[in-house]
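Visitor: As you go down the protein sequences, you meet chains A and B in turn. Numbering-wise, the first sequence is residues 1 to 249 according to my numbering. Numbering-wise, the second sequence is residues 1 to 303 according to my numbering.
The set of hints was computed from the structure by calculation and includes no laboratory data. Small disclaimer: the values here were computed from a predicted structure and weren't measured. Note that the Cβ used here is the ideal one computed from N, Cα and C, for glycine as well. Hints are supplied without guarantee of correctness; some may be wrong.
Listed below are several chain B residues computed to face chain A (Cβ distance under 10 Å; list not exhaustive) [unchecked claim]:
no. : residue
1   : S189
2   : T193
3   : A201
4   : Y215
5   : V216
6   : P219
7   : N231
8   : V234
9   : S235
10  : R296
Computed Cβ-Cβ distance ranges for the label pairs, DEER-style [to be verified]:
no. : chain 1 : residue 1 : chain 2 : residue 2 : range
11  : A       : T61       : B       : S189      : 25 to 35 Å
12  : B       : K292      : A       : G129      : 52 to 62 Å
13  : A       : E18       : B       : P281      : 48 to 58 Å
14  : B       : R37       : A       : F15       : 51 to 61 Å
Partner residues aside, some chain B positions facing chain A, computed with beta carbon under 7 Å [claimed, not checked]:
no. : residue
15  : S25
16  : S27
17  : L31
18  : P196
19  : A200
20  : L205
21  : S208
22  : Q256
23  : S260
Each chain, letter by letter, is given below.
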Amino acid sequence: MSIPVLALERVRKAFGSEVVLEDISITVPEHTATVFIGASGSGKSTLLRCINLLEQIDDGTIKLDGADITDPSVDPDEVRRKLGMVFQSFNLFPHMSVVENIILAPMRVHSKSRDEAIAEALELLDRFGLREKAEQYPDRLSGGQQQRVAIIRSLAVKPRLLLLDEITSALDPVLVNEVLSTVRDLKEHGMTMLLATHEMGFAKEVADEVCFLEHGRILEWGKPEEILENPKKPQTKEFLKRVHEAGRL
Amino acid sequence: MSQEVGRGSDHTSDSAPYSFGGQWSPSAIELERRLARKARSRKNALVATLSSILVLGTLAAIVVTSPGWKSLSDTFFKWAYGFEVLPKIILGFGANVFLTVIAATSVGIFGLILALVRTSRSPAITPFRILATIYVDIFRGIPMLLIILLVGFGIPALRLQGVTNNVFILGICAVIITYSAYVAEVIRSGILTVHPSQRAAARSLGLSNFQTLRYVVLPQALRRVTPPLLNDLVSLIKDTGLVSILGVTDAIRAAQIASSRSFNYTPYVMAAGIFLLVTIPLTRYTDRTLRKSIERQNAQGLA
């Protein structure tokens, strides 16, 4: 078996005395999507931020393509160049137009020429139906469009792995779908992804593996149909029941 | 978190802007409302005019009919004399403008460096961060007049070799020293208002700390603090007048010379008028920038 894109081994993270991640071990093979589900505060976002080295873990190891990225001698900027991250709150740069948002990293981090970066950005915008928004500023776009631009921005650096942190949670229900279909498209093109989401229907559809987190621990991990339809642990059942009651399944 | 769109013309959806067929003409009830509104606004305008005339007119009458008005107008508003000395005051004001241009440029650079040092978290910067904090605390806490006196008279007293005795240069230095501390704090507050999620987004794209600052944080920070910086510029223009105490012939000093020759204070009034000619438009402009910047921030909603 080839080396997985991402491998976490016994990862632990605490903020002060509060343990937010405990004994997290997962592997993510290439071209697969792993979806984290769990209540707010279960550690999903923190886990993604740890993988991105935006947070420092307290124990365990994280390997990207077999290389330990938690080694202190590793340059976090180097690691982040291989990862894309999309946030719940979009975090587009408000002082830059859509296309400027997208070409910033290719130009400054990957030393592409402006023309080359723009050509690639426009190609991506074309692919996701946002070409005519290229010159607009983020505050002129709907939430769904902003989030799609954020996804494109993270794709522009051709990441090995995409981290999607509750990317539909700040959106109007009617705008969720356009963002999800973008992710669907990425999945079809073989992008390796890690998602934290509350959209169970979408998780079932796009996930190769589903991970249920509670209080910073992995309670269940497996195929989506196993976890989402026949959960073994009472906590998972309880969580899914509550999600179902909230009308999100 | 509230998501405000602000202006009604913002159509952010994919669909075409709303259209109501284009055949609309106001209904009878709307026409009636418009008439009522127009009548009310006419009444408001009338009340505003009348009350302004009444209040301002009374004030003017009180001043002009007061027993001291004759001597007051002779002392402060002797226009013939004022215009006679005006060229000298304008020439002096040239010094204020020159001081402002040089000081504003240097303060911008030096203040920015101080702000960056103070907001940096790099361990190598630590000693500089401490020094910058002390610097800002000290020079924000001393009246500028004192600093001008200390620099303008103190430094020549040291008789250091190679250090200028030119009061003009020393005056500029004193102004730069003080204003850099003010401006550094304004810029620093701007840097701190940029939401951490912006930094996280930039870092997650692989941008280095410096690149994040240069391309993401600073542009947003500076845009936000433009109005307070313009305010500081207005203050700076006025405060360049303080170097007249060192003997620099600026507008104030020129007015002082003219006034002491005739024991008439009209030259001071002329100098005040010249300052106002520059500062009032700048203040109006600052207000407009501030209003726009607030509108922009409201329009962004989710920041």
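Visitor: Quick one, is the V216/B hint okay against chain A at 10 Å, beta carbons?
Guide: 6 Å, holds
Visitor: At a threshold of 7 Å, is the proposed contact between S27/B and chain A supported by beta-carbon distances?
Guide: Cβ of S27/B sits 32 Å from chain A, so the hint is violated.
Visitor: Measuring from the C-beta of S260/B to each C-beta in chain A, is the shortest one below 7 Å?
Guide: 53 Å, violated
Visitor: Grab the minimum C-beta distance from S189/B to chain A and call the hint holds if it beats 10 Å, violated otherwise.
Guide: 18 Å, violated
Visitor: Grab the minimum C-beta distance from L205/B to chain A and call the hint holds if it beats 7 Å, violated otherwise.
Guide: 4 Å, holds
Visitor: Interface hint check: A200/B, Cβ to nearest Cβ on chain A, cutoff 7 Å. Holds or violated?
Guide: With a minimum Cβ separation of about 6 Å from chain A (threshold 7 Å), the hint on A200/B holds.
Visitor: Can you verify the interface hint for Y215/B: is its Cβ closer than 10 Å to any Cβ in chain A?
Guide: This hint holds: Y215/B lies near chain A, its Cβ roughly 6 Å from the closest one there, short of 10 Å.
Visitor: Assuming the hint says 25 to 35 Å, is it satisfied by the Cβ distance from T61/A to S189/B or not?
Guide: 41 Å, violated
Visitor: Closer than 7 Å between Cβ atoms is the bar; does L31/B clear it against chain A? Give me holds or violated.
Guide: For L31/B, the interface hint is violated, since the closest Cβ of chain A sits about 35 Å away, which is over 7 Å.
Visitor: Does the beta carbon distance between R37/B and F15/A stay inside 51 to 61 Å, or does it fall outside?
Guide: 57 Å, holds
Visitor: Under 10 Å, Cβ to Cβ, is where S235/B needs to be relative to chain A, so tell me if that hint holds or is violated.
Guide: Violated - the Cβ of S235/B stays beyond 10 Å from chain A, reaching only about 27 Å at its closest.
Visitor: Under 7 Å is the threshold here; is the Cβ of Q256/B close enough to any Cβ of chain A for the hint to stand?
Guide: 47 Å, violated
Taken one by one, the earlier hints fail for this structure at numbers 1, 2, 7, 8, 9, 11, 12, 15, 16, 17, 18, 22, 23, listed in ascending order.
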